[in-house]
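Participant: Let the hints inform the model, and build the full structure from the sequences given.
Chains as they are written, first to last, in my numbering: chain A, 1 to 337; chain B, 1 to 217.
What the hints contain is simulated information worked out from the structure, not anything from laboratory work.
Some hints could be false.
Calculated from the model, a selection of chain B residues having no Cβ within reach of chain A, i.e. all distances over 10 Å [as the list claims (entries may be wrong)]:
{"#": "1", "residue": "Arg9"}
{"#": "2", "residue": "Thr99"}
{"#": "3", "residue": "Leu135"}
{"#": "4", "residue": "Glu180"}
Some chain A residues flagged as far from chain B (calculated, every beta-carbon gap over 12 Å) [stated by the list, open to error]:
{"#": "5", "residue": "Tyr32"}
{"#": "6", "residue": "Leu73"}
{"#": "7", "residue": "Tyr132"}
{"#": "8", "residue": "Met148"}
{"#": "9", "residue": "His183"}
{"#": "10", "residue": "Arg212"}
{"#": "11", "residue": "Val227"}
{"#": "12", "residue": "Ile244"}
{"#": "13", "residue": "Val279"}
{"#": "14", "residue": "Lys334"}
Just the calculated beta-carbon pair ranges, DEER-fashion [claimed, not checked]:
{"#": "15", "chain 1": "B", "residue 1": "Phe185", "chain 2": "A", "residue 2": "Thr233", "range": "27 to 33 Å"}
{"#": "16", "chain 1": "A", "residue 1": "Leu287", "chain 2": "B", "residue 2": "Gln31", "range": "20 to 26 Å"}
{"#": "17", "chain 1": "B", "residue 1": "Leu189", "chain 2": "A", "residue 2": "Tyr318", "range": "31 to 37 Å"}
{"#": "18", "chain 1": "A", "residue 1": "Gly292", "chain 2": "B", "residue 2": "Leu64", "range": "48 to 54 Å"}
{"#": "19", "chain 1": "B", "residue 1": "Phe185", "chain 2": "A", "residue 2": "His19", "range": "50 to 56 Å"}
All C-beta atoms in this analysis are idealised placements derived from N, C-alpha and C, irrespective of residue type, glycine included.
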Amino acid sequence: MKMNNNPAPHIRTEQKSRHMIMDVLIAASVLYVFSVFNYGMRPVYIGLLSILSSVTCEAICCLIRRRSLRTLLDGSAAVTGALIGLVMSPMVAYWVPMVGSAFAVLVVKAPFGGYGRNVFNPAAAGIALLSYCTPQRMFTYPAIGAGMQLPLDMELTAQDASVGTSLAAQIRDGATPTVNRLHLLLGDFVGPIGATATVILLACAAYFIIRRTASAWTILPYLITCVLCAWCTPCTGLDTLHSILAQMCAGYVLFAGVFLLNDPVTAPRFWLGRILYGVFAGALTMLLQQVGRMEAGSCFAILIVNALSPIIDRWSYYGWRNITRLLRIRREVKAHE
Amino acid sequence: MSKRKTFRRHFWQAADSFIETAVTQNIVLVQAIGLCPIIAAGVTLQSGVALTACTAAILLPLSLIMPFIGNYLPKWLRPVVYVLLAALLLVGAAYLLETYISPELYARLYVFIPIIAVNMLHAHNASMAQTMHPLETLFEALGSIVGFGAVICSISALREIAVNSTLWGHPVGIGYVLPEVASPFTAFLMLGFMAALLQWVRQRVSAYFRGKEAEHQ
Numbered sequence: 001m002k003m004n005n006n007p008a009p010h011i012r013t014e015q016k017s018r019h020m021i022m023d024v025l026i027a028a029s030v031l032y033v034f035s036v037f038n039y040g041m042r043p044v045y046i047g048l049l050s051i052l053s054s055v056t057c058e059a060i061c062c063l064i065r066r067r068s069l070r071t072l073l074d075g076s077a078a079v080t081g082a083l084i085g086l087v088m089s090p091m092v093a094y095w096v097p098m099v100g101s102a103f104a105v106l107v108v109k110a111p112f113g114g115y116g117r118n119v120f121n122p123a124a125a126g127i128a129l130l131s132y133c134t135p136q137r138m139f140t141y142p143a144i145g146a147g148m149q150l151p152l153d154m155e156l157t158a159q160d161a162s163v164g165t166s167l168a169a170q171i172r173d174g175a176t177p178t179v180n181r182l183h184l185l186l187g188d189f190v191g192p193i194g195a196t197a198t199v200i201l202l203a204c205a206a207y208f209i210i211r212r213t214a215s216a217w218t219i220l221p222y223l224i225t226c227v228l229c230a231w232c233t234p235c236t237g238l239d240t241l242h243s244i245l246a247q248m249c250a251g252y253v254l255f256a257g258v259f260l261l262n263d264p265v266t267a268p269r270f271w272l273g274r275i276l277y278g279v280f281a282g283a284l285t286m287l288l289q290q291v292g293r294m295e296a297g298s299c300f301a302i303l304i305v306n307a308l309s310p311i312i313d314r315w316s317y318y319g320w321r322n323i324t325r326l327l328r329i330r331r332e333v334k335a336h337e
Numbered sequence: 001m002s003k004r005k006t007f008r009r010h011f012w013q014a015a016d017s018f019i020e021t022a023v024t025q026n027i028v029l030v031q032a033i034g035l036c037p038i039i040a041a042g043v044t045l046q047s048g049v050a051l052t053a054c055t056a057a058i059l060l061p062l063s064l065i066m067p068f069i070g071n072y073l074p075k076w077l078r079p080v081v082y083v084l085l086a087a088l089l090l091v092g093a094a095y096l097l098e099t100y101i102s103p104e105l106y107a108r109l110y111v112f113i114p115i116i117a118v119n120m121l122h123a124h125n126a127s128m129a130q131t132m133h134p135l136e137t138l139f140e141a142l143g144s145i146v147g148f149g150a151v152i153c154s155i156s157a158l159r160e161i162a163v164n165s166t167l168w169g170h171p172v173g174i175g176y177v178l179p180e181v182a183s184p185f186t187a188f189l190m191l192g193f194m195a196a197l198l199q200w201v202r203q204r205v206s207a208y209f210r211g212k213e214a215e216h217q
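Facilitator: Okay, here's the thing in C-alpha cells:
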C-alpha cells in the first residue's frame, strides 16, 4: 500500500492552499487601503517593506536548503509579512516590521521545515518578539484626524505627529474609553494600522468563512468567548454593549481572531478540537488583555494555544470517538434488552 | 575473569558513558536537564564558569561517595541523602567562592548557587548511581560537567557579547548592543538552535559511518 505523507494543511476539498493564501492577501490589502485614508501612504510602505523582508528571508532559506525558488510562489511568506505590517503603529520606524518578519521566517518557520510544518504561527511570533523588545516603538500611536498625511521619513518622533492614547491602553489603565460606538465600528480611533477597522475585519471573517479559507468552528467560539469575557469585566462608565464593543476593538483581539488564529497549519483539524481551541484562545486573550502589561496579549495567547493545538486535536478526536462508541453500545444493549 | 580484564571492561564502559553524556546524548541539549541556571543566570561568561565549577565541586565527590553508600540505602532514601550531601558540599564551595575568589560574583549569582544543590542533574545522577562501578559514575559525572559546562559557557559568552559587548569583562569592540538578549526567551531560542545543530551533526556523522560500513561490505 502506498502511503502519502504530505505536510499540513490537509484539505479535503478541491481548493488549494494557494487560494487560501490569496484570500488572506486580498483581505489584508483591503485593510491597507483603509489605512491609506487614515494615515496617508506610510502604512503601505510599512507593509511592502515587511513583505519584502519576509520574502527575501524565505528566498535565503530556500537557497540554504537547496530548494527551488518556486516555493516562494505559494505566498506564505508574503502573508506573514503583510500580517506583521498590519499590526504596526502607523508611525513605527521602517526597520521594525522588517526585523519582525525576518525573525518570523528565519527562526519560527524555516528551522521547523518551512510552510506546513511550522509549530507556531510565524506572524504571531514576530509580533510577540517586537512587542517584547521594542514596546516603545510598537505602542506609540499617532492621534487620528481627518485626511492626515504622516511624513514618510525613516523614523518619526513626537514632533512629526501628535501622539494619542490607544483604546487598549485606556481600558487597561481603568479609564473610561472616549470613543463613541459609531467610531468604534468604523475604525476611527487611535490604534494599529489595520487592527482598528471593526466592520472590515468582520467582513473579512465572513469572507473567509464563505470561501472556506477559515473555519467557522474556530472564529465563532473565539468571538463568543471574547464577548462573554468582556461582558463579565465591564469598563467603568459605559453601558454594557458599548463596553463589550470597546473591549473587542481594543488591541489586536479581533484581528488575531480573524487572521492569526485561523492559520490552517497550526489550528486543529477536528471540529471539536477547533471549538475548544477557539474557546481557549479567546479566554486566554481576554485574560492577558486584562492583566498583561502589553497590548499584544492576543499574540501571546495564540502562541500558547498553538503549542497545545496537537494535544487538543488528539484528545478531542479520541474523546469524541469514545463517547460516541459508548453511546452506541448503550443503545445496542437497550435494544437487545 | 582476571581483575585486570574487569578493570579494562569498566574503563571502556566508563569512557562510553562519558562520550554519551557529554556529546551524543548531551545532558542539556538532548536530555533537557539543568536548564534553569543556563536560562536565568548564564548572562556573563564569568557566571557561567562559576556555575560550572560549583556543579563540578558537588558532582565529582558525590559520584565517588554514592556507589559505596548507595547500596546500603533503600531506594526512596537515595535522592534525599544525595541532595543533603550536595547541600553540604555546596556550603563549602560557596564559602570558597565568596571568600577567596570573588564576593562580587557571589553576590551576582545570589540565589542560583543554592539552586544548584537541587538541580535535576543530581536527581538524575542519584537515580543512576547506585549499582555502578565508581569509575563509571565518576566518568558519567565528568561527562555531565563537560556537557553542561560547554553549553552554559557558550550561551553565556554569546549573551555577554550581545548584551555588554564584552567577554570576561574585556571589551570586544562591537558598538551595537542588544539588551533584550539577557531575557530568558533568547536563551531558550539559543538552546533550541544548539540542540538542532547537535542533531544535524549527529545525523551527518552517523551517515558517514554508515557509508564506510557499506564500502567495507
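Participant: Would you mind marking each hint as holding or not holding in the structure?
Facilitator: Comparing the hints with the structure gives:
1. Even its closest Cβ contact with chain A, about 42 Å, leaves B:Arg9 beyond 10 Å, as expected for a residue assigned away from the interface.
2. Against chain A, the non-interface label of B:Thr99 holds: every CB pair exceeds 10 Å, the least being about 40 Å.
3. Taking the minimum C-beta to C-beta distance to chain A, about 40 Å, the non-interface status of B:Leu135 holds against the 10 Å cut.
4. A Cβ of chain A approaches the Cβ of B:Glu180 within 10 Å, the least distance being about 4 Å, so the stated non-interface status is violated.
5. For A:Tyr32, the shortest C-beta to C-beta distance to chain B comes to about 29 Å, beyond the 12 Å cut-off, and the non-interface label holds.
6. Every Cβ of chain B is farther than 12 Å from the Cβ of A:Leu73; the closest lies at roughly 27 Å, confirming the non-interface assignment.
7. Distance check on A:Tyr132: its Cβ comes as close as 7 Å (rounded) to a Cβ of chain B, failing to clear the 12 Å threshold; non-interface status is violated.
8. With a cut of 12 Å on Cβ distances, A:Met148 stays outside the contact zone with chain B, its closest approach being about 32 Å.
9. Once the 12 Å rule is applied to beta carbons, A:His183 is consistent with being away from chain B; the minimum gap is 36 Å.
10. With 12 Å as the threshold on Cβ separation, the claim that A:Arg212 sits away from chain B holds: the shortest Cβ distance comes to roughly 35 Å.
11. Listed as a non-interface residue, A:Val227 keeps its Cβ farther than 12 Å from every Cβ of chain B; the least gap is roughly 31 Å.
12. No Cβ of chain B approaches the Cβ of A:Ile244 within 12 Å, the least distance being about 33 Å, so the stated non-interface status holds.
13. For A:Val279, the requirement that its beta carbon stay farther than 12 Å from each beta carbon of chain B is met, with the minimum near 27 Å.
14. Every CB of chain B lies more than 12 Å from the CB of A:Lys334, the least distance being 50 Å, so the non-interface label holds.
15. Separation of B:Phe185 from A:Thr233 is about 28 Å and conforms to the stated range, judged on CB atoms against 27 to 33 Å.
16. A:Leu287 and B:Gln31 have their C-beta atoms about 34 Å apart, which leaves the hinted 20 to 26 Å range violated.
17. A hinted range of 31 to 37 Å holds for the C-beta pair B:Leu189 and A:Tyr318, which are about 33 Å apart.
18. Hint check: A:Gly292 to B:Leu64, Cβ distance near 50 Å, so the stated range 48 to 54 Å holds.
19. In this structure the hint that B:Phe185 and A:His19 lie 50 to 56 Å apart at CB is violated, the actual value being about 35 Å.
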